[in-house]
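K.L.:
Sequence:
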Amino acid sequence: MIGQVAGGGKTEKPMIKAENTYHKYRVKRNSWPKDPNGGGNHQHIGHVSAVRRDAAPGQKVGLIAARRTGRIRGQAAASAAKAD
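Numbering (this note's numbering), first residue to last: 5 to 88.
Just so you know, these hints were derived from the structure itself, not from any lab. The reader is advised that the hints may include incorrect statements.
Here are the simulated SDA-like cross-link-like pairs (lysine to any residue), alpha carbons at most 20 Å apart as the crow flies [what the hints assert, rightly or not]:
id	residue 1	residue 2
1	Lys64	Asp39
2	Lys38	His27
3	Lys28	Glu16
4	Lys64	Val52
Quick list of the computed label-pair ranges, beta carbon to beta carbon [to be verified]:
id	residue 1	residue 2	range
5	Ala59	Glu23	18 to 26 Å
6	Gln47	Val9	45 to 53 Å
7	Ala85	Gly43	29 to 37 Å
8	Asn45	Ala80	30 to 38 Å
9	Lys38	Gly74	25 to 33 Å
10	Val31	Lys86	16 to 24 Å
11	Lys38	Arg75	27 to 35 Å
12	Lys21	Lys86	48 to 56 Å
13	Val31	Ile76	44 to 52 Å
14	Ile6	Trp36	35 to 43 Å
15	Arg72	Gly42	23 to 31 Å
This one's a predicted model, so the numbers in the text were calculated from it and none came from an experiment. For glycine and all other residues, C-beta sits at the position ideal for the given N, C-alpha and C.
Construct the complete structure from the given sequences, taking the supplied hints into account.
P.N.:
Right, dumping it as structure tokens:
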């Protein structure tokens, strides 16, 4: 056999746009889009929610390039909370 078959084993065309993927999965089940933080009735991230500034658009959910995270503690925080 000489040469290659047209398509080269590729079974389907790549989904170039999110709109096409949306319409593909709209009629199926809730399997798209995949959110890194999950979701559902029991909302627990399970890992640090801060993400670096140069992360890819799909990764960039949560606290983007956070300088600090967590509960603010200390004298200054207590006085600021009392003023509110």
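K.L.:
Each hint should be assessed against the structure and marked as holding or not.
P.N.:
To see whether the hints hold, each was checked on the structure:
no.	hint	in the structure
1	Lys64 x Asp39	holds (10 Å)
2	Lys38 x His27	holds (15 Å)
3	Lys28 x Glu16	holds (13 Å)
4	Lys64 x Val52	holds (12 Å)
5	Ala59 x Glu23: 18 to 26 Å	holds (23 Å)
6	Gln47 x Val9: 45 to 53 Å	holds (49 Å)
7	Ala85 x Gly43: 29 to 37 Å	holds (30 Å)
8	Asn45 x Ala80: 30 to 38 Å	holds (37 Å)
9	Lys38 x Gly74: 25 to 33 Å	holds (27 Å)
10	Val31 x Lys86: 16 to 24 Å	violated (54 Å)
11	Lys38 x Arg75: 27 to 35 Å	holds (30 Å)
12	Lys21 x Lys86: 48 to 56 Å	holds (51 Å)
13	Val31 x Ile76: 44 to 52 Å	holds (46 Å)
14	Ile6 x Trp36: 35 to 43 Å	holds (41 Å)
15	Arg72 x Gly42: 23 to 31 Å	holds (24 Å)
Of the numbered hints listed earlier, the single one contradicted by the structure is hint 10.
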